[in-house]
Amino acid sequence: MTLLHDSLRKLFRPGGAESHVAATVPAEATRRSNGLREFCRELKGQDGLRILDLGAASQANVGFFTELGHKIYTEDVFPALNGSGYRAREESGAWRFDSDAFLAENLNYQMLLFDAVLCWDVLDQFDEAGLRPVVARLHRIVKPGGVLLSFFHTADPGAAVPVYRYRIQDAETLELIPRGQMTLRRPLNNRNIENLFKEFHSLKFFLARDNLREVLVIR
Amino acid sequence: MWKTRKDEEPPYNPPKEVSPVATPTERRPFEQEREAPARTSGMAHIGKSVLIKGELSGNEDLYIDGEVQGTVELRDHNLTVGPNGRVQANINAREITVQGKVQGNVRAADKIEIRKSGSVVGDIITARITIEDGAYFKGSIDIQRPDAAKTEARRPETAAAGPSMAATATATERKLP
Chain H
1 MTLLHDSLRK
11 LFRPGGAESH
21 VAATVPAEAT
31 RRSNGLREFC
41 RELKGQDGLR
51 ILDLGAASQA
61 NVGFFTELGH
71 KIYTEDVFPA
81 LNGSGYRARE
91 ESGAWRFDSD
101 AFLAENLNYQ
111 MLLFDAVLCW
121 DVLDQFDEAG
131 LRPVVARLHR
141 IVKPGGVLLS
151 FFHTADPGAA
161 VPVYRYRIQD
171 AETLELIPRG
181 QMTLRRPLNN
191 RNIENLFKEF
201 HSLKFFLARD
211 NLREVLVIR
Chain F
1 MWKTRKDEEP
11 PYNPPKEVSP
21 VATPTERRPF
31 EQEREAPART
41 SGMAHIGKSV
51 LIKGELSGNE
61 DLYIDGEVQG
71 TVELRDHNLT
81 VGPNGRVQAN
91 INAREITVQG
101 KVQGNVRAAD
111 KIEIRKSGSV
121 VGDIITARIT
131 IEDGAYFKGS
141 IDIQRPDAAK
151 TEARRPETAA
161 AGPSMAATAT
171 ATERKLP
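Line by line, the protein sequences are chains H and F.
51 is the number that the working numbering gives to position 51 of the first sequence; each next residue is one higher, with no gaps.
20 is the number that the working numbering gives to position 20 of the second sequence; each next residue is one higher, with no gaps.
Calculated from the structure, these hints are not laboratory results.
In this text, all values refer to a predicted model and were calculated from it rather than measured experimentally.
For each residue, glycine too, the CB sits at the ideal point set by N, CA and C.
Treat each hint with caution, since some may be false.
[What the hints assert, rightly or not] Dumping the calculated DSSO-like pairs for lysine-lysine here, alpha-carbon to alpha-carbon at most 30 Å: (1) Lys53(F) to Lys111(F); (2) Lys204(H) to Lys71(H); (3) Lys198(H) to Lys71(H); (4) Lys138(F) to Lys204(H); (5) Lys143(H) to Lys71(H); (6) Lys48(F) to Lys71(H); (7) Lys71(H) to Lys116(F); (8) Lys71(H) to Lys138(F); (9) Lys53(F) to Lys116(F); (10) Lys116(F) to Lys143(H); (11) Lys101(F) to Lys71(H); (12) Lys44(H) to Lys143(H); (13) Lys138(F) to Lys111(F); (14) Lys44(H) to Lys111(F); (15) Lys116(F) to Lys138(F); (16) Lys143(H) to Lys198(H); (17) Lys116(F) to Lys101(F); (18) Lys48(F) to Lys198(H); (19) Lys44(H) to Lys138(F); (20) Lys48(F) to Lys101(F); (21) Lys48(F) to Lys116(F).
[To be verified] Here are the computed distance ranges between Cβ atoms for each label pair: (22) Ala88(H) to Pro146(F): 32 to 40 Å; (23) Glu55(F) to Asp210(H): 50 to 58 Å; (24) Thr30(H) to Ser164(F): 50 to 58 Å; (25) Gln144(F) to Thr183(H): 23 to 31 Å.
[Stated by the list, open to error] Sample of chain F residues with no beta-carbon within 12 Å of chain H, all distances over it, derived: (26) His45; (27) Leu51; (28) Gly104; (29) Ala109; (30) Asp110; (31) Ile114; (32) Glu132; (33) Gly134; (34) Met165; (35) Ala166.
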């Protein structure tokens, strides 16, 4: 009787029988990546390159590049960005991202230059104040002629977009494993991105159906 | 009036032997102690309350579930860093399994495995590597596979009285907070 009473109560509660919030965690997916294909094409014919992966440590990514004879560096910046360790208070009392503190402990390669960097969607996770110093640091640690691959979401600002682990299946296919969500801070159209990477040599854009803009940047 | 009912007294039951109860160790803030597996025979074991500072070397397998600062040299043997292990050292071993935290450069002649609970910050040189999903790694990976010539020319292991572990160190036993 109690069970029936509870069921009836839920049925007539505002919102109906199913008033719970639906889960918004996206499922794992595989996607073809033209940006990755071009990235790998830039590395073709060379071995012993230094590649920096700014995503989560991945057996697949390590194996992919080491099988090609390259040396891979991994630095997962997502946990650092999602902690509260890099905040500074402004005079107004508002909190802002402390890019100096972040760069003192992350992306800090004093004597090292990379041939290639996989940024994935990391740059989308920085706010306006943090983005330019980080791109300037990337400019410093990538060799002239080096290549950088970055993904930018094309949703509206304020939209919740998923954050993924990007696992390389082959030279043009990625497996996307959800690891969280972020609020998209600001829109970046092609012109914004060109301006962001103005110190670099050239850019190539690839827009996919899943509203993820892939950008290949040549240092 | 209040005669004792001796004949109705309950039978005497001597107290049962009580097995000792382990005093629970304090938990670190925001960290959960993880259960370490039972000791494996033939493997040296550094328990979770032990802190060693200095050079740790030996000719047997080693399981670290405590804290080690310095260097770990187990050239032809295996190292396991348990779930409570914290190693701030450069490591040289044959096979290395990381379930806890390692900060330092790591050389594994055969392979290194970073489990999902593991964290490695440092540069790795190894012939093979396995990284489970969820593991944290920051550093470089250099795959160096041994040549066949080097394998044939490997010098035979010297006969020893038995496995031994040497620590040129200051070993202290303390309860970790």
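Grab the minimum beta-carbon distance between glycine 104(F) and chain H and tell me whether it stays above 12 Å. Consistent with the label, glycine 104(F) stays out of reach of chain H, its closest Cβ about 16 Å off (over 12 Å).
Quickly compare the C-alpha distance for lysine 48(F) and lysine 198(H) to 30 Å and report which way the hint goes. Distance of about 52 Å is beyond 30 Å: violated.
Check whether the Cα positions of lysine 116(F) and lysine 138(F) lie no farther apart than 30 Å. 14 Å, holds
Taking 30 Å as the top limit, are the C-alpha atoms of lysine 44(H) and lysine 111(F) close enough? Roughly 28 Å between the alpha carbons, so the hint for lysine 44(H) and lysine 111(F) holds.
Given pair status - lysine 138(F), lysine 71(H), alpha carbons within 30 Å: At roughly 13 Å apart (the allowed maximum being 30 Å), lysine 138(F) and lysine 71(H) satisfy the hint.
Does lysine 198(H) sit within 30 Å of lysine 143(H), going by the straight-line distance between their CA atoms? 16 Å, holds
Are the Cα positions of lysine 116(F) and lysine 101(F) separated by 30 Å at most? 11 Å, holds
The hint says 50 to 58 Å between threonine 30(H) and serine 164(F); measuring C-beta to C-beta, is that right? Distance hint for threonine 30(H), serine 164(F) holds at roughly 52 Å.
Restraint check for lysine 101(F) with lysine 71(H), where alpha carbons must lie at most 30 Å apart: Holds, at roughly 23 Å.
Can you confirm whether the C-alpha distance between lysine 116(F) and lysine 143(H) stays at or below 30 Å? Violated - the C-alpha atoms of lysine 143(H) and lysine 116(F) are around 33 Å apart, more than 30 Å.
Restraint check for lysine 138(F) with lysine 204(H), where alpha carbons must lie at most 30 Å apart: 29 Å, holds
30 Å limit on alpha-carbon distance, applied to hinted pair lysine 44(H) and lysine 143(H): 16 Å, holds
In summary, the structure is inconsistent with hints 6, 10, 18, 22, 25, 31, 32 and 33 from the numbered list given earlier, while agreeing with the others.
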